[in-house]
Amino acid sequence: MTKISIIAFDGTQFDIDAENGSTVMENGIRQSVPGIEAECGGACACATCHVYVDDAWAETVGAPEPMEEDMLDFAYDVRPTSRLSCQIKVTDALDGLVVRVPERQA
Numbered sequence: 001m002t003k004i005s006i007i008a009f010d011g012t013q014f015d016i017d018a019e020n021g022s023t024v025m026e027n028g029i030r031q032s033v034p035g036i037e038a039e040c041g042g043a044c045a046c047a048t049c050h051v052y053v054d055d056a057w058a059e060t061v062g063a064p065e066p067m068e069e070d071m072l073d074f075a076y077d078v079r080p081t082s083r084l085s086c087q088i089k090v091t092d093a094l095d096g097l098v099v100r101v102p103e104r105q106a
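Okay, so the sequence shown: first residue is 1 according to my numbering, each after it adds one.
Calculated directly from the structure, the hints in this document are not laboratory data. Since this is a predicted model, take the numbers as computed values, not measurements. Cβ atoms here follow ideal geometry from the backbone N, Cα and C, with glycine treated the same way. Take these hints with a grain of salt, some might be off.
Simulated pairs of lysine to aspartate or glutamate, EDC-like, Cα-Cα distance not exceeding 20 Å [what the hints assert, rightly or not]:
(1) Lys89 to Glu68
(2) Lys89 to Asp10
(3) Lys3 to Asp17
(4) Lys89 to Glu103
(5) Lys3 to Glu19
(6) Lys3 to Asp95
(7) Lys89 to Glu59
(8) Lys3 to Glu59
(9) Lys89 to Glu69
Pairwise CB distance ranges (calculated) [said to hold, decoys possible]:
(10) Met1 to Asp70: 30 to 38 Å
(11) Gly11 to Met67: 18 to 26 Å
(12) Pro66 to Ser32: 27 to 35 Å
(13) Asp73 to Asp15: 29 to 37 Å
(14) Asn20 to Asp77: 14 to 22 Å
(15) Glu103 to Cys40: 19 to 27 Å
(16) Gln13 to Pro66: 25 to 33 Å
(17) Gly21 to Glu103: 25 to 33 Å
(18) Ser5 to Val78: 20 to 28 Å
(19) Asp77 to Met1: 29 to 37 Å
(20) Arg104 to Gln13: 13 to 21 Å
(21) Gly62 to Gly41: 29 to 37 Å
From just these sequences and the hints, can you work out the full model?
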C-alpha cells in the first residue's frame, strides 16, 4: 500500500493507505475527504476533484496531460502545482504524497 495525505481546506489531514493503480480521487472519495466532489466520477470531464500537489512532490507527480490542462481551465484558483486528483495514479513512487484541497471546487 502507498501512503498518501490529503489535506482538506480546513487543515484536516487524511492519511490514506491507497492501492496502486487507483487514483488519488478514488481514495479521497472513499475516505469522505471534504472538497473532493468528483462530479464526473473520474472521467476527466470536470474540475471538481482539483488539488494542489505539495511542491516537494510536483516533479514526481508530473505535469498534467493536455486534456487535464483543458479541464483545469475551469478550476478555482489554479496554481502551478494544480492537478485533477482523478488523473494522479497511485504507484509506489508516490509513497508519502501530500496534496491539498482548494477552498472550493469550480
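Results for each hint:
For a cut-off of 20 Å, the pair hint linking Lys89 to Glu68 stands: about 13 Å separates their Cα positions. Between Lys89 and Asp10, the direct Cα distance comes to roughly 25 Å. Violation of the 20 Å bound is thereby established for this hinted pair. Restraint check for Lys3 and Asp17: satisfied, since their Cα atoms lie roughly 5 Å apart, inside the 20 Å limit. For the suggested pair Lys89 and Glu103, the alpha carbons sit about 23 Å apart, so the restraint of at most 20 Å is broken.
For a cut-off of 20 Å, the pair hint linking Lys3 to Glu19 stands: about 9 Å separates their Cα positions. Proximity of Lys3 to Asp95 is assessed by CA-CA distance (about 5 Å); at most 20 Å being required, the pair is judged to hold. At most 20 Å may separate the alpha-carbon atoms for a hinted pair to count; Lys89 and Glu59 meet this at roughly 14 Å. Between the alpha carbons of Lys3 and Glu59 the distance comes to roughly 18 Å, so the proposed pair stays at or under 20 Å and holds.
For the hint pairing Lys89 with Glu69, the CA-to-CA distance comes to about 16 Å; that is within 20 Å, so the pair holds. The hint said 30 to 38 Å for the Cβ distance between Met1 and Asp70, and at roughly 32 Å that hint holds. Checked against the hint of 18 to 26 Å, the C-beta distance between Gly11 and Met67 comes to roughly 31 Å, which is inconsistent with it. The hinted range of 27 to 35 Å is satisfied by Pro66 and Ser32, whose Cβ atoms lie roughly 31 Å apart.
At roughly 31 Å, the beta carbons of Asp73 and Asp15 sit within the given window of 29 to 37 Å. The given range of 14 to 22 Å is broken by Asn20 and Asp77, whose C-beta atoms sit roughly 30 Å from each other. Remark: the range hint 19 to 27 Å for Glu103 to Cys40 is upheld by a beta-carbon distance near 20 Å. Taking the beta carbon of each, Gln13 and Pro66 are about 32 Å apart, inside 25 to 33 Å as hinted.
For Gly21 and Glu103, the Cβ-Cβ distance of about 30 Å falls inside the hinted range of 25 to 33 Å, so the restraint holds. Taking the beta carbon of each, Ser5 and Val78 are about 21 Å apart, inside 20 to 28 Å as hinted. Hint check: Asp77 to Met1, Cβ distance near 31 Å, so the stated range 29 to 37 Å holds. For Arg104 paired with Gln13, a C-beta distance near 19 Å keeps the hint of 13 to 21 Å intact.
The hint said 29 to 37 Å for the Cβ distance between Gly62 and Gly41, and at roughly 23 Å that hint is violated.
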